[in-house]
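With the hints as your guide, set chain B onto chain A.
Protein chains: 2
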Amino acid sequence: MTSAFRPTPASIPPPNAGLALRQPKGLPPNFQPLNPLQFILRAADIYPNKVALVHSDVKYPVSYTFAVWCQRIQNLAYALIQAGIKPGDRVAIIAPNSYSCKVSDAHHGVLAAKAVPCPINTRLKPAEVAYILEHSRSSIILVDHEFVHLLPQNLKVPVIVSNDTGRPGDPYENFLSSGRAFSQERGWAGLEYDADENSAATLCYTSGTTGRPKGVVTTLRGSYLAAIANAYESRIHLESTYLWILPMFHAAGWTFPWANVFGFATQICLRTVDNSLIWKHFLQSGVTHYCGAPTVQIGIVNHPSAKKLPRPISAIIAGAAPTASLIASLEQLGITPIHVYGLTLYGPFTRNFPQAAWANLSLQERSKIMARQGHPFATAQDARVVYPPKDGTDTLVDVPRDGKTVGEIVTRGNIVMKEYFRDPEATAKAFRGGSFNSGDLAVMHPDGAVAIVDRSKDIIISGGENASSLAIEQELASHPCVLEVAVVARNSFKWGERPHAFVTLRPTSIAKWKGRHGDFEKELKAHAKERLPGFACPEWVSIVSELPKTSTGKILKFDLRKIVAKL
Amino acid sequence: MTSAFRPTPASIPPPNAGLALRQPKGLPPNFQPLNPLQFILRAADIYPNKVALVHSDVKYPVSYTFAVWCQRIQNLAYALIQAGIKPGDRVAIIAPNSYSCKVSDAHHGVLAAKAVPCPINTRLKPAEVAYILEHSRSSIILVDHEFVHLLPQNLKVPVIVSNDTGRPGDPYENFLSSGRAFSQERGWAGLEYDADENSAATLCYTSGTTGRPKGVVTTLRGSYLAAIANAYESRIHLESTYLWILPMFHAAGWTFPWANVFGFATQICLRTVDNSLIWKHFLQSGVTHYCGAPTVQIGIVNHPSAKKLPRPISAIIAGAAPTASLIASLEQLGITPIHVYGLTLYGPFTRNFPQAAWANLSLQERSKIMARQGHPFATAQDARVVYPPKDGTDTLVDVPRDGKTVGEIVTRGNIVMKEYFRDPEATAKAFRGGSFNSGDLAVMHPDGAVAIVDRSKDIIISGGENASSLAIEQELASHPCVLEVAVVARNSFKWGERPHAFVTLRPTSIAKWKGRHGDFEKELKAHAKERLPGFACPEWVSIVSELPKTSTGKILKFDLRKIVAKL
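Sequence lines, in order, name chains A and B.
Every number in my numbering is 546 more than the matching position in the first sequence, counting from 1.
Every number in my numbering is 546 more than the matching position in the second sequence, counting from 1.
Isolated chain A, as found in the complex:
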């Protein structure tokens, strides 16, 4: 499909191109600062002619080998330096979810200029984009033509537009070409390797439901270690093909932009989460891996094109726990779920590690265990569940390993964020007690597995009992007609709070319940009563056509709470 495409002359590396940056002075022979930029240089050295990046479902399809892509990355670094970008400067990127090749380029090319990529969520409103551009003090903006309207007027920094063509004449391509010209063929040796592995790697803003978004800064060291862990845990290798469904602006694509390169995998880019295209690639392009939140996965498994895969695909799931029904659907299609848990940091921090004994469990039992967030990831360190610190102290005390006592997840180690950008107060608060305070409420099971019960605001205090909206959702989702479900607290004169469930029906079940929503409500309540204590059974059930979601696909319970507050 992309055979007619020829990379621009500026993308072709010279023969015998050196693939090492200039070493900073004074490094001992046995110490190299960790830096995920190293991966693309190594891939271009070992597998120069392997297809690295494919962007086929667009008007101007392109595909790049590692050698060509690596040259483009080098060009981008020089172009940024020519544009005045200094080490540590932020480079904003506003590009499709998911992906113009430009975002992929940036994860490597901006680092090669020793600058910091700041990928911005394309689903934000112009005012939010303006806030992030201002707060990050980005010195230059790389923007996809589709999202130019998100930019504020009167910008004082350069804007480079990509028309996503990969052809000469495209402003982004011209930018790369100018970088190549500016390099005067000094090659990689004309760029300097960052001497400090604790330098900032990326700046990603949270989609914070309350207050202003916060800028999460990661380090080169953390990104290197997290990317290798992702490649290892997901088993990404030379023969792997990764499909970009997860937005790369979400926690820098959970470090998969680097993990895939570390593993020499081929990456396929998609501009939008289009389930028809996703199934086309699943069935025709040899896809082996993808990442996505459960809500995205639900869309995939329920698409009309869904069918049993000829080869298994690994789905890395985070953002929320997969329900039993989702796990069953994935497995029936030949998709192996890998359930991980992270934050807007480096992506996965814990993983649900499968145990041999689970094979003997029923799907319901197994999926309950698989919904746990599990144990620390390969290069993560501690994930603890602790009591709220007592006033006046910072000492963190672990809750017992009883699977019942609720505490907060705190993490520490090399893949914990460096800081909130320009916000020492929020940083200090997040690191209170010497660990990162996640804000996620969880229990610790006897086997050391962490299981989220809810974020603190998601607990429903019903008749004096703490009901976990997550646990209720898990049970309601096991009803065969339920597609997605969200449960929030609704005020009750008698009980204080009581659960209110919002439900979408499976496409195949909509007709069945048409005009009989009351009957469905009764049936779902009976379903709940068999599985949940009385205080946790939903008092109200609303069937809706869709659930409100954040730009990263998380269900906006905040909006649902506003609805029930008016009832």
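There may be inaccurate statements among the hints.
Because identical chains share one entry, a pair is satisfied inside a single copy or across any pair of copies.
Okay, derived cross-link-like pairs now, SDA-like style, lysine to any residue, Cα gap no bigger than 20 Å in a straight line [unchecked claim]:
#  : residue 1 : residue 2
1  : 571       : 1075
2  : 1075      : 716
3  : 936       : 595
4  : 571       : 939
5  : 950       : 562
6  : 596       : 779
7  : 1075      : 930
8  : 1075      : 1043
9  : 853       : 820
10 : 1058      : 1088
11 : 632       : 932
12 : 1058      : 921
13 : 632       : 980
14 : 596       : 906
15 : 1071      : 1038
16 : 975       : 908
17 : 571       : 1007
Simulated from the structure, these hints should not be mistaken for laboratory data.
Same frame as chain A, but now just chain B:
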């Protein structure tokens, strides 16, 4: 087989044992010093009941789960501390090749006491062992009962003997029990995590053919990164079973003692390289991985028990390049060779990365390419081939990528040794020019792959031409009757030097050439003439029953040179 065995009471961890060491004061929440000790704690946390270590082919077979093994490691750390071991002290280990569980314990338990394991080659002579014990200033010696005779008289440091029983009453088990008692159940929290990732991890002595052995010091950071790279490149995972054929005293087992634990693999120990036992485990124990030098691999593939394997096994090969004949034999049996190259440092530093295009090559052509040492390993950094530095300068200049120009391999990065112990002069010499000077002569191919031609002393200057003894050996090994071959320079009045080949015959070919060695010599010379330039053809061929080898299985060309010097 081991079901009747019960671990000693001191090996049983208490319920809900904490699996984290005391953190050193002042560490930020987002920084954890890299340390391979972390792996066993994580394995015991996530897979406590999985079999970690099996030692079955002995009078007292044992097997330990990760939880039990982890407790033994903790006990060892406390026992060492009770014995007066301080951070940084060396702990000598003299144990079978390959393995009492004691050596496996030491790679983790000595680190847990913040001390440095110093595994000593069991094939050395008492005087050499005495030298290493003295030079390393080891503060305590863990020794297997079979090797007590290697110890000098009048030792001033404590010696703990293991009878390799795993049963109460064994002095080593008593030592562990005393550690448990000394711990007063403080558990892992009573031990401190090393604050400095650049602390020494291991001290391994070279088997130096000339001069005194040198003590190679590795770091915790390097060991962590090298172990993860080995797990990743070899694809060691939960379902893997690793068979210990490689001596663990050889470059600390190429970091596989940690790599296997990182991957949650089961490790099977063998006290000796017994090909019958090896094949028993290959066929009956679900072995998936092992490491070994070509000379060991030759023994394996030529053993009478050798047969096509039901499941593929990955063989990590280093120490010398595998010959075409070895590659063919391995592949026919279902063994996938992974050719890596390293030094007495952390094991693998480069790897021969397979290319899709090789599938179209003949076995002869493919194995020639597979014999190259290849490109830098996953977490390695630079492997260059450089000219000898000009006198008075330290600048390293790369040879052209022409596959012809011979230079020296130099390496740098995180998995390069820290230093030669107590030898600043040798360290400075090794690091001359800001890289580690390997002493291995090589060419750089156009694709960036390094290929060793020889160590400098192995070049034969024949008629003014440089003949690589390695290249000659590769060609002679392709003769169907040749088992192993070593080529050295022999003085020639006419040519200066000329190659002399020492050959062992395959067991199946011995009868064929009995009493006709002269005929075989003619045939082998003709075989060489078809494949090599005249100056590289052996002038003399000697059939021998076995080749002299170092304790680590390398052919002792030094001894062969002594033989030809007398001819």
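Verification of the hints:
Taking identical chains as interchangeable, the C-alpha atoms of residue 571 and residue 1075 are never at most 20 Å apart, the minima being 69 Å within one chain and 51 Å between chains. In this assembly of identical chains, the alpha carbons of residue 1075 and residue 716 never lie at most 20 Å apart, being 60 Å within a copy and 60 Å across copies at closest. Taking the closest pair of Cα atoms, residue 936 and residue 595 never come within 20 Å of each other, the shortest separation being 59 Å inside a single copy and 36 Å across copies. In this assembly of identical chains, residue 571 and residue 939 lie within 20 Å of each other by CA distance solely across copies; the values are 17 Å between and 44 Å within a copy.
Taking CA atoms no more than 20 Å apart as the test, residue 950 paired with residue 562 passes between copies only; the shortest distance there is 15 Å, against 61 Å inside one copy. Taking the closest pair of Cα atoms, residue 596 and residue 779 come within 20 Å of each other only across two copies (18 Å); inside a single copy the shortest separation is 23 Å, beyond that limit. When the C-alpha separation of residue 1075 and residue 930 is checked against a cutoff of 20 Å, the pair qualifies neither within a copy, at 33 Å, nor between copies, at 69 Å. For the homomeric pair residue 1075 and residue 1043, the shortest alpha-carbon distance inside one copy (18 Å) is at most 20 Å, but the shortest distance between copies (92 Å) is not.
Within a single copy, residue 853 and residue 820 get their C-alpha atoms as close as 16 Å, which meets the 20 Å cut-off; across copies the closest is 50 Å, which misses it. For the identical chains of this complex, residue 1058 and residue 1088 are intra-copy neighbours only, at 16 Å inside a copy versus 88 Å across copies, given an alpha-carbon limit of 20 Å. In the homo-oligomer, the alpha carbons of residue 632 and residue 932 never lie at most 20 Å apart, since the shortest distance is 42 Å inside one protomer and 33 Å across protomers. Proximity of residue 1058 and residue 921 under a CA criterion of 20 Å is satisfied in neither setting, with 42 Å inside one chain copy and 61 Å between copies.
For the identical chains of this complex, residue 632 and residue 980 are neighbours neither inside a copy (32 Å) nor across copies (28 Å), given an alpha-carbon limit of 20 Å. For a Cα distance limit of 20 Å, the shortest separation of residue 596 from residue 906 across copies, 17 Å, qualifies, whereas the shortest one inside one copy, 42 Å, does not. For the homomeric pair residue 1071 and residue 1038, the shortest alpha-carbon distance inside one copy (17 Å) is at most 20 Å, but the shortest distance between copies (97 Å) is not. Taking CA atoms no more than 20 Å apart as the test, residue 975 paired with residue 908 passes in neither setting, with 43 Å inside one copy and 64 Å between copies.
In the homo-oligomer, the alpha carbons of residue 571 and residue 1007 never lie at most 20 Å apart, since the shortest distance is 60 Å inside one protomer and 40 Å across protomers.
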